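Chemist: Please take these sequences and the hints and turn them into a complete structure.
Given next are the chains, with one letter for each unit.
Protein chains: 2
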Amino acid sequence: MADTTTGTATGTTTGTASVPGTATVPGAAPAPDFSGWSCPVPLRDHPRVVMGHGGGGAMSAELVANLFAPAFGGATLAALADSATVDLGGARLAFSTDSYVVRPLFFPGGCIGDLAVNGTVNDLAMSGARAAYLSCGFILEEGVETAVVGRIAETMGAAARAAGVEIVTGDTKVVESGRGDGVYVNTAGIGLVPAGVDIRPQRAVPGDVVIVSGEIGLHGVAIMSVREGLEFGARVESDCAALGGLVGAMLAVTPDIHVLRDPTRGGLGAAVNEIAAAAGVGVALRERAIPVPDQVASACAILGLDPMYVANEGKLVAFVPRDQADAVLAAMRAHPLGARAAVVGECVDDHHGMVVTRTAFGGTRVVDLPLGEQLPRIC
Amino acid sequence: MADTTTGTATGTTTGTASVPGTATVPGAAPAPDFSGWSCPVPLRDHPRVVMGHGGGGAMSAELVANLFAPAFGGATLAALADSATVDLGGARLAFSTDSYVVRPLFFPGGCIGDLAVNGTVNDLAMSGARAAYLSCGFILEEGVETAVVGRIAETMGAAARAAGVEIVTGDTKVVESGRGDGVYVNTAGIGLVPAGVDIRPQRAVPGDVVIVSGEIGLHGVAIMSVREGLEFGARVESDCAALGGLVGAMLAVTPDIHVLRDPTRGGLGAAVNEIAAAAGVGVALRERAIPVPDQVASACAILGLDPMYVANEGKLVAFVPRDQADAVLAAMRAHPLGARAAVVGECVDDHHGMVVTRTAFGGTRVVDLPLGEQLPRIC
Chain A
1 MADTTTGTAT
11 GTTTGTASVP
21 GTATVPGAAP
31 APDFSGWSCP
41 VPLRDHPRVV
51 MGHGGGGAMS
61 AELVANLFAP
71 AFGGATLAAL
81 ADSATVDLGG
91 ARLAFSTDSY
101 VVRPLFFPGG
111 CIGDLAVNGT
121 VNDLAMSGAR
131 AAYLSCGFIL
141 EEGVETAVVG
151 RIAETMGAAA
161 RAAGVEIVTG
171 DTKVVESGRG
181 DGVYVNTAGI
191 GLVPAGVDIR
201 PQRAVPGDVV
211 IVSGEIGLHG
221 VAIMSVREGL
231 EFGARVESDC
241 AALGGLVGAM
251 LAVTPDIHVL
261 RDPTRGGLGA
271 AVNEIAAAAG
281 VGVALRERAI
291 PVPDQVASAC
301 AILGLDPMYV
311 ANEGKLVAFV
321 PRDQADAVLA
331 AMRAHPLGAR
341 AAVVGECVDD
351 HHGMVVTRTA
361 FGGTRVVDLP
371 LGEQLPRIC
Chain P
380 MADTTTGTAT
390 GTTTGTASVP
400 GTATVPGAAP
410 APDFSGWSCP
420 VPLRDHPRVV
430 MGHGGGGAMS
440 AELVANLFAP
450 AFGGATLAAL
460 ADSATVDLGG
470 ARLAFSTDSY
480 VVRPLFFPGG
490 CIGDLAVNGT
500 VNDLAMSGAR
510 AAYLSCGFIL
520 EEGVETAVVG
530 RIAETMGAAA
540 RAAGVEIVTG
550 DTKVVESGRG
560 DGVYVNTAGI
570 GLVPAGVDIR
580 PQRAVPGDVV
590 IVSGEIGLHG
600 VAIMSVREGL
610 EFGARVESDC
620 AALGGLVGAM
630 LAVTPDIHVL
640 RDPTRGGLGA
650 AVNEIAAAAG
660 VGVALRERAI
670 PVPDQVASAC
680 AILGLDPMYV
690 ANEGKLVAFV
700 PRDQADAVLA
710 AMRAHPLGAR
720 AAVVGECVDD
730 HHGMVVTRTA
740 FGGTRVVDLP
750 LGEQLPRIC
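Those protein sequences? They're chains A and P, same order as listed.
Under the working numbering, the first residue of the first sequence carries the number 1, and numbering increases by one thereafter.
Under the working numbering, the first residue of the second sequence carries the number 380, and numbering increases by one thereafter.
It should be emphasised that the hints constitute simulated quantities derived from the structure, not laboratory data.
Just so we're clear, the structure is a prediction, and the values are computed from it rather than from any experiment.
For each residue, glycine too, the CB sits at the ideal point set by N, CA and C.
Be a bit skeptical, because a hint or two may be false.
Covered stretches of chain P, as calculated for chain A (at least 3 residues, CB under 8 angstroms) [unchecked claim]: (1) 434-446; (2) 543-549.
Here are some chain A residues pointing at chain P (derived, C-beta under 7 angstroms) [what the hints assert, rightly or not]: (3) R48; (4) G74; (5) T97; (6) S99; (7) S135; (8) G137; (9) E145; (10) G150; (11) A153; (12) E154; (13) T169; (14) D171; (15) Q202; (16) I290.
Modeler: The structure is reproduced here in structure tokens:
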């Protein structure tokens, strides 16, 4: 996995420069000089951390593969799933964490609080686990209003109750004004992985059907609209939601779902690329099949963004065995959070590690792993 | 617990103003006006977060009791132990989290990396659990050197291996320059609580012997010395260490240890106060029995600090049934991290919820719960 990711990440256009139709990455660094390469640091030609390292794309993957994974050791981290699956006291647990630094703290459809609960609940759900317990760590900036902290805590409590998870332990630190940005939140979570369920990126195989649970790009556009003071016709709300129930409905059809991923930072494009790289398979998408709401399409056209790379916070992408795909899709559509679910492509035994999409005009283009994130601090 | 904590916290000198010999808290706010009190916000007379809210003293407790606990709901969080004990899939687990914002990142005896691993390992150990798995969330400030991040990650890996715990899942976010302070780290951890072990603050009972595992105040003075460029004779190093092995040795003597607490922020004074409040018991300490190294005593004298409130990162305080105390103490002294363990007092059926100490001069003084922390960003 580490080799694949490194190989994908070190070319200027993620290793696919010779493929016709490859989108080039704006602002990509010049070809890296490997003469000074050492593991785990420095990373490529970046002696300092840049925003892209937190974007959930190639640079983030590189930081994990070349710096954190070698330093921490251990095979579980190196598997790079949304959550780790571990055995403890006879129980098979999913365990995951995310820090949340979204700006602004409150946005249409949610705030950093419900985002922090739902995000970690969803990471656990991507192992097939129902979240049971959450931890919560706050880093508050001196001077932030306690009423703001209170509102965020209230939304966390409400989101936890809605998701059927309990926040059982926490910590609060305060940093000086100018050393934070109001409120940062970390959540970690644990949940039980049901017997017979083995969901991880490495399990994608040619023939798998790729299903998206609904319309993409809403969270990113909602954040962008308030951050930049833009409006795109109808108000766009974040899709922030907890996916444990939807995943439960899918697993009731078959425990043999191969891969689940929630396309947050880096969007659907990054999520599917990571799966292709982890499993060493090709993925062929059909662009017209991907549900993109009109407001998202308009906003992206104006801002020069690709909806494929815009973050979601209440969607999942699933790789499902072909013979189960119809039944799983039906179960998803019967759930409120999967009403607009759609088959968007398939896993193929070709262009291994690469994602291609058939465009609306009948052509084919490569869907690269983005280098960073189009919108910094999206979650 | 919440009531007790609130009651302790709302007097200007934590509810003990009428007791002769009470230390007054420098800079304490004027008597609060309860006319505008509402739950969960605003908090007392602080409409905005101040550094003291992160200090691990009365203000932190108030934030948890009046804001987070009501918002999140649930009895486990309200128990306010160092870690939560939860049941999942037939396993009895300890689960805990801490964020680390220590400044500077590197200090004599450690850095934010091993602090983040050992701190969470220790929180789990305070439930009697041996830490098994950790998560790790970074919030990096744009511009921090990747080599610094690498050094921190290396120390985390080394500390995890030393403590026998695996870092299995993680997350990295990047914030703009001026919105962080180099590196903030959150760790969460899970571990198995052995059968028959029930360690929590509420279990302290009159007659329990209070044991401290070694010399206090080293971490705080080590941080202070580098932060202020001071030197106090011999170089003082942080005591940062993982206490899982020491706790294991104590539990091998008897599973019936009543309370364990690692006196980090707020020091021994805050830890013992929290236990007295949680259990509704009195604690009587003997000041001369508390091991304070000469360098710590000198530094505190110069700086006007009380060693009782200075943070430790590799010490624990234990409440042990009287008939087991000698054997537990012997087991502690046989362990490298408990060689200087000492009996420092006892739990009494008097002055409930309050901690008093017999001073070196034969007098008695109240050991208050500190309002904030003497040294901000100590961990």
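Chemist: Where does the structure disagree with the numbered hints, that is, which hint numbers, in rising order?
Modeler: Checked against the structure, the hints that fail are numbers 15 and 16, while the rest are satisfied.
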